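Enquirer: Spelled out, the chains give:
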Amino acid sequence: MTETKLHLHGKPVEGFVELHEHISPVSTYMKVFGALLVLTALTYAVSYMSLGPASLPVAMIVAVAKASLVCMFFMHLKYDERYHVFIFLSTLIFVGIFFTFTIFDLSSRTKLQEVQGTFFLKDFDREPEAPPPMPVEAHGEGEAAPAEH
Amino acid sequence: MADDKSKHDAEHAEGHGKREPSYLVAQRGLKSWLFTIDHKRLGLMYLGSTLLFFFVGGVAAILFRTELLTPAGDFIPWLLSHLPTALGGTGGDVEAAVAQSATTYNKLFTVHGAVMVFLVIIPAVPGSLGNFLLPLMLGAKDVAFPRLNLLSFWVYTLGACFFLYTLFAGGLDTGWTFYTPYSSTTGTAVVSALFGAFILGFSSILTGLNFMVTIHKMRAPGMTWNRMPLFCWSIYATAVIQVLATPVLAITLLLLVVERTLNIGIFDPAMGGDPVLFQHFFWFYSHPAVYIMILPGFGIISELVAVHSRKHIFGYKAIALSSVAIAIISFIVWGHHMFVSGQSELAAIVFSFLTFAVAVPTAIKVFSWVATLYKGSIQFNTPMLYALMFLFTFSIGGLTGVFLGTLSVDVHLHDTYFVVAHFHYVMMGGTIIAFIGGLHHWWPKMTGRTYSVWQSKWAALLVFIGFNMTFFNQFVLGQQGMPRRYYTYVPQFQQQHMMSTIGSYILFLGLLWIAIYLLASLRRSAAPKEPLPDNTWGGASLEWSTQTPPIEHNFHGQPRVDTDPYNFPQIDRTGEVDHH
Amino acid sequence: MSTDHESPKAHRPEGAHEPHAFFAHHFNTPDQQAGAAKLGMWVFLSTEILMFSGLFLAYFIVRMFYPDMVLAAHEHLNKTAGGINTVVLITSSVTMALAVRAAQVGNTPAIKRNLLLTIMFAGVFMVVKYFEYTAKFEHGMLPGKYYTAFEHGYYIPGNPHIFFAVYFCMTGLHGIHVLVGIGVLTWVYIRASKGHFGPNYYTPVENVGLYWHLVDLIWIFLFPLLYLVR
Numbered sequence: 001m002t003e004t005k006l007h008l009h010g011k012p013v014e015g016f017v018e019l020h021e022h023i024s025p026v027s028t029y030m031k032v033f034g035a036l037l038v039l040t041a042l043t044y045a046v047s048y049m050s051l052g053p054a055s056l057p058v059a060m061i062v063a064v065a066k067a068s069l070v071c072m073f074f075m076h077l078k079y080d081e082r083y084h085v086f087i088f089l090s091t092l093i094f095v096g097i098f099f100t101f102t103i104f105d106l107s108s109r110t111k112l113q114e115v116q117g118t119f120f121l122k123d124f125d126r127e128p129e130a131p132p133p134m135p136v137e138a139h140g141e142g143e144a145a146p147a148e149h
Numbered sequence: 001m002a003d004d005k006s007k008h009d010a011e012h013a014e015g016h017g018k019r020e021p022s023y024l025v026a027q028r029g030l031k032s033w034l035f036t037i038d039h040k041r042l043g044l045m046y047l048g049s050t051l052l053f054f055f056v057g058g059v060a061a062i063l064f065r066t067e068l069l070t071p072a073g074d075f076i077p078w079l080l081s082h083l084p085t086a087l088g089g090t091g092g093d094v095e096a097a098v099a100q101s102a103t104t105y106n107k108l109f110t111v112h113g114a115v116m117v118f119l120v121i122i123p124a125v126p127g128s129l130g131n132f133l134l135p136l137m138l139g140a141k142d143v144a145f146p147r148l149n150l151l152s153f154w155v156y157t158l159g160a161c162f163f164l165y166t167l168f169a170g171g172l173d174t175g176w177t178f179y180t181p182y183s184s185t186t187g188t189a190v191v192s193a194l195f196g197a198f199i200l201g202f203s204s205i206l207t208g209l210n211f212m213v214t215i216h217k218m219r220a221p222g223m224t225w226n227r228m229p230l231f232c233w234s235i236y237a238t239a240v241i242q243v244l245a246t247p248v249l250a251i252t253l254l255l256l257v258v259e260r261t262l263n264i265g266i267f268d269p270a271m272g273g274d275p276v277l278f279q280h281f282f283w284f285y286s287h288p289a290v291y292i293m294i295l296p297g298f299g300i301i302s303e304l305v306a307v308h309s310r311k312h313i314f315g316y317k318a319i320a321l322s323s324v325a326i327a328i329i330s331f332i333v334w335g336h337h338m339f340v341s342g343q344s345e346l347a348a349i350v351f352s353f354l355t356f357a358v359a360v361p362t363a364i365k366v367f368s369w370v371a372t373l374y375k376g377s378i379q380f381n382t383p384m385l386y387a388l389m390f391l392f393t394f395s396i397g398g399l400t401g402v403f404l405g406t407l408s409v410d411v412h413l414h415d416t417y418f419v420v421a422h423f424h425y426v427m428m429g430g431t432i433i434a435f436i437g438g439l440h441h442w443w444p445k446m447t448g449r450t451y452s453v454w455q456s457k458w459a460a461l462l463v464f465i466g467f468n469m470t471f472f473n474q475f476v477l478g479q480q481g482m483p484r485r486y487y488t489y490v491p492q493f494q495q496q497h498m499m500s501t502i503g504s505y506i507l508f509l510g511l512l513w514i515a516i517y518l519l520a521s522l523r524r525s526a527a528p529k530e531p532l533p534d535n536t537w538g539g540a541s542l543e544w545s546t547q548t549p550p551i552e553h554n555f556h557g558q559p560r561v562d563t564d565p566y567n568f569p570q571i572d573r574t575g576e577v578d579h580h
Numbered sequence: 001m002s003t004d005h006e007s008p009k010a011h012r013p014e015g016a017h018e019p020h021a022f023f024a025h026h027f028n029t030p031d032q033q034a035g036a037a038k039l040g041m042w043v044f045l046s047t048e049i050l051m052f053s054g055l056f057l058a059y060f061i062v063r064m065f066y067p068d069m070v071l072a073a074h075e076h077l078n079k080t081a082g083g084i085n086t087v088v089l090i091t092s093s094v095t096m097a098l099a100v101r102a103a104q105v106g107n108t109p110a111i112k113r114n115l116l117l118t119i120m121f122a123g124v125f126m127v128v129k130y131f132e133y134t135a136k137f138e139h140g141m142l143p144g145k146y147y148t149a150f151e152h153g154y155y156i157p158g159n160p161h162i163f164f165a166v167y168f169c170m171t172g173l174h175g176i177h178v179l180v181g182i183g184v185l186t187w188v189y190i191r192a193s194k195g196h197f198g199p200n201y202y203t204p205v206e207n208v209g210l211y212w213h214l215v216d217l218i219w220i221f222l223f224p225l226l227y228l229v230r
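Residue numbers (the working numbering), protein chains in the order written: chain A, 1 to 149; chain B, 1 to 580; chain C, 1 to 230.
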């Protein structure tokens, strides 16, 4: 990268360096590729273990790890202008705001329902009815899926 | 102004010696306008189209205000029975007209709301003044992506076409908010309106993206962040919201389209979905969108107040950063639109508390403007009249917003005329007044023409009187319990409704007058004999340093900045602008 | 404020790159142009993330409302097909990154080769997706009122039509992004064939690359959430 400087009245002008380019060696890409494949295999394998409530966090941690690898190396965020990292992370913060408040409201709403005696249809469906006697056939694509979860 | 006088004079002489053709005449023909990538021409095209839709929305408002003159529903049936069927009337069939009148009223206020929100207020200031001024103020030749800018305009036009189609395909009666489950079951042309809003959202995103990058990358040498005119800061804050919030609107509308067409059931309680979820989705966009509407207005007022009181703006950094603060806080308060729609009490309390936080940066702005006026050499030019009007009406609008953000008070006031009055004081009394003021401020720069001063001042007075007469009553009406969106009402409210309607006529006349004298100034015969001076008001930001109207590439050379845009030259006693 | 009346070339500070053939008139330096394009792309990516976030939120809400139904319904998605598609997309991301690298070092044949591979993998992804969708259609596992899986002998308790609505919205929107990706990748491929790209100018390759990585990123989250988690 060339050191580009613009001077005005003898003082360097801020923010004139525009481009941060970084050429990663092919070996870096290959290492990241390998790591991504391993993580994919891991998350796939873990899904067959019965982790119960831990399965969502585990899957999300693996996904975040994969996503960070892609961001840092494939999208060059590791070497890029800090401002691009800032944009990316602040986007995630706003997604977080969106999720937090909405889920917070929807999960704390039951109180109102009890007081008012109102209900949502979904509360009836919470308790699954007994399955009809119809035998569940194997459906061709999800055979490996165990019946219990 | 650090340059010495001789150099300045030399430049001045040179500027007059060889006047380049302005951007208006640099290229000719319809094609050179329709496919232009010049931000100034695009600004004018946005200006024309938003004002056109402002007229459409205004006519709808006048129609339903006329209906509200009397407690009984009589005007709309009369209107419908006298309209030919081709225009949506019943062609003399009075009974059918009466049967349709309630729906027609719903359609009218929906047209008014949807057109004003999606086609006027959101694109008006960024699209027209923002496009025209941003590169000029930054000292750039154009926005960062000129072709994207053109695309953005045509996407806007496409979205507008969808809205027009909606009007002729049975109208829309959901209100501009498209609340489910009504919007997923009603028989009107909801899908085309949804697509219209979806497409307009893209236009908004592209504009915001373009402006953000322009401000980051296109500033002239020496134009640091703290030397940007405050208008640019407010456009920047607006762009941040446009970019972060509008995608959520896009996905919301898309989900509603599939909900309507495929009955996926995600917003439908009968199918196990949740209608309040739609409101969360919608207001996550639409509350920040309220600030998309008002922030550019703030920017205009910062410029007007400083220039016309010949005084350095008070609290530059406070105003600049409060714009960004408003942009961020706007994302955590959306629940205050849902206090009575089945949101959990706990969430409502949190949202109500957070809502008050918005008042802080807003108040910082208002106080800074008032402090700028203090001991300034205030000149009551037409733009300044609008700026003062803004301070008055916006303060009312802003403070009544605090009433509505208070949880217990909102339970009484929600869905009444109090809410209507509140957001008209903010949107109309805030954004539109600022927009008209900005239009008067930069009109000479944009067009190279001057408007009639006495007419503009009288029209401003009409607008002020008409506006307050229309909406101030409505605070009282709402507090007394008059619900919004009703086309008949109990007779005890008639006096106030009548006053409101008469006020709306005055407002309409005032706005029409503005349109007339501004259009009149564009006539060939109204062209000034000598080109206008570059600097109409003695402003110190870069747009005043170039020719009026600007040349195609904005500046004769690369502008360099070494001072901030509020260091005004002094004024001598004759009122003429002295350059030093 | 002052302006200098020199030739446009003088606005370029010393040491800046020489302008390339695609240098736009309103920028001062090619670096400024490239920086603007890249910043614009990142801002665009952030809008994409927020757009998908709505669907992710819908997924989490449905999961919160009907945990048992979601767990039962997701067993009917084909894990192996999803896994294959994950590997395909990751591989296409690597070839995309290599294409950008090839542009950075100015190796046009390598740009073309890697772009072609990326397009091919994107095609494979869509083909697998096609078979998955066909199977769902055949089994009546469709969104909303079209949900008829019970007629085909599948019983899922609760409101599985909502799960499949979310499934089709998420994978459908993602699929549209893949199709758009194939389009822009082809465009970049054509430009690469014309020899437009080199170390001085590779912005389109880089930006399309960023877009493509984002499509990959979204799939990285879609895959475990829809197919794997229980």
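If you're looking for bench data, these hints aren't it; they were derived computationally from the structure.
Computed from a predicted model, the values in this text were never measured in an experiment.
Treat the hints with care, since some could be wrong.
[Said to hold, decoys possible] Each computed DSS-like pair below joins lysine-lysine, with the alpha-carbon atoms no more than 27 Å apart: (1) Lys-31(A) to Lys-79(C); (2) Lys-31(A) to Lys-112(C); (3) Lys-457(B) to Lys-375(B).
Enquirer: It remains to establish, for every hint, whether it holds in the given structure.
Expert: Hint check results:
1. For the hint pairing Lys-31(A) with Lys-79(C), the CA-to-CA distance comes to about 26 Å; that is within 27 Å, so the pair holds.
2. Proximity of Lys-31(A) to Lys-112(C) is assessed by CA-CA distance (about 23 Å); at most 27 Å being required, the pair is judged to hold.
3. A C-alpha spacing of about 23 Å is found between Lys-457(B) and Lys-375(B), which places the hinted pair at or below 27 Å, so the restraint holds.
Hint violations for this structure: none, all hints satisfied.
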